[in-house]
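Participant: Residue-level listing of the chains:
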Amino acid sequence: MPVVAGAWLSWELHGDPDAMRRLTEPFLPEAIEEMTPAIALMTYFDLLMIPIILLAVIHASKFVAGEKSKNTLQLIVTRPIKRWKIIIGKYAAFVFLFIPLMILSVLLMTISIEWIGVGWAEKEVFLGFATITVLYTLVYASIATLFSSLTKKSLSATLASFIFLIIWLTLDFLIMYLPENIAEMLEHVSLSHYANQILGYISDGVGAIFAVGGIPVDPSTQTFIYSSLIVLSLILIPILLAITALGRIELY
Amino acid sequence: MEDVVKNLESKKESIENNKNESNKLTKKDFEAVIKIKNLSKLFNDFKALSNVNINISDGVFGLLGPNGAGKTTLINILVGKLRPTSGSVNIMGYDVQKNSIEVRKNLGYLPEDIGFYDDMTALNFLKYLSRLKGLNRYEASREAFKILELMELEERGNQKIKKYSSGMKQRLGIGQAIIGNPQILLLDEPTGELDPVSRKKILRLIDNYAENGRTVIVSTHILPEIKLIADRFGIIKKGKIVRKTKMKEVDDLEEFYEKSIRSG
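Here the protein sequences come in this chain order: A and B.
Numbering-wise, numbering that gives the first Met the number 0 puts 163 at position 164 of the first sequence, and it's gapless, one number per residue.
Numbering-wise, numbering that gives the first Met the number 0 puts 240 at position 241 of the second sequence, and it's gapless, one number per residue.
Simulated from the structure, these hints should not be mistaken for laboratory data.
Don't take every hint at face value.
The calculated BS3-like cross-link candidates involving lysine-lysine, where the alpha carbons are at most 30 angstroms apart (straight line), are [what the hints assert, rightly or not]:
id, chain 1, residue 1, chain 2, residue 2
1, B, Lys104, A, Lys84
2, A, Lys84, B, Lys161
3, B, Lys97, B, Lys80
4, B, Lys145, B, Lys104
5, B, Lys159, A, Lys81
6, B, Lys226, B, Lys46
7, B, Lys237, A, Lys151
Work the whole structure out from these sequences, hints included.
Facilitator: Below is the structure:
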């Protein structure tokens, strides 16, 4: 679905600078007038955000809470396996199942934007978008895993994750419109800020078009490593907290 | 049901005769597989278990008591679902808290409120839990088939669990508990609300399993059933073990139980 929607949108906007300007002016500091493969992929990425959230959250919310509500968690925790392995095992299964799917959808989009005449995305641009798609999926799944460990029902975990992510994404979006000093402060907790730097580095500055809040379009290696570590911790910290929570759970 | 009762009773009689012994403490009592010492469990201010001391050796041990007495809490501590507030539990020489993995390797457990993956087939369910028990892919597959046969479910092995009757689910529940042939089996209300036929099958299974030096703890409040299969029993009331004795020492279990509950 997102591939079709992304391709259609790119096709509609391709060769129509006015439409591009009208569409991007209200949302970006600088309006975009030309449809390039990088912009088409960015459009697609924005569209992909909804399925990513839905898939990652709904699936990961069931990891522990789903087992609790079905009364099957007791069958697992009474086996001779460490509880941390339960979380890691379920998360790993998610990664193996969904990550290839995400990469495949970015690849399909890359092929479709060439097919509609926008042109081939450079290898670095493709890699950049594939990377941040994977990272966003992993971060959202980690957060849902944490809520899954803290709640008794999958639905509660799903709702809690959605509420958290909506607040987080809204904050991310508002950063562009906030005064610079506040925006700079909030950037430290903004996933898109770090993802944009990773994207900018991998795509040699072509992919990271939304260089807001003074982010260099093509950041240094040091900045890239720093951003990667932050995103990695955004994946690992919720997982570690989920492991701690599951380790402390008593089943009545 | 009557033929099972007769079979079990005659079997027990012959065992008793072979033993040819009085009710004195035997070596077996000192070789307890499960040693519970000063065990207490608090849920906020509620004392679910209070200073429980009990040693359990091989054979079938009945854990009796009214609803809410603490039977399930005790079993939950043994399997590691709950942590004790104080005291210790030692299973086959391993502390349940410090060596939980080693303990669980030797344990099989049937929860009272067992849940199933309804969309899974019984075969895959058993394979999955066998893998979690530490068996490799080949062993897990072999074990799953073996258990399906033992539980007389082999013809329905490829059917989804959601299509199973409650009796079949209960047999599958016991089946998952005996994966890997554990030395100790903990069964929380194994016969539940089953029909007489399924009940008969399950009692026979438990009785057979306890042979060859294995330990089976059955938590229940259905006295006629435990009378048929248990060698020993303990009565738990308000979190305390009020009586523990051998089944053969008791002539009328119902009367003994009622007295114990009243006086304890």
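Participant: Any hints from earlier that this structure breaks? Give me their numbers in increasing order, please.
Facilitator: Hint check: nothing fails, all pass.
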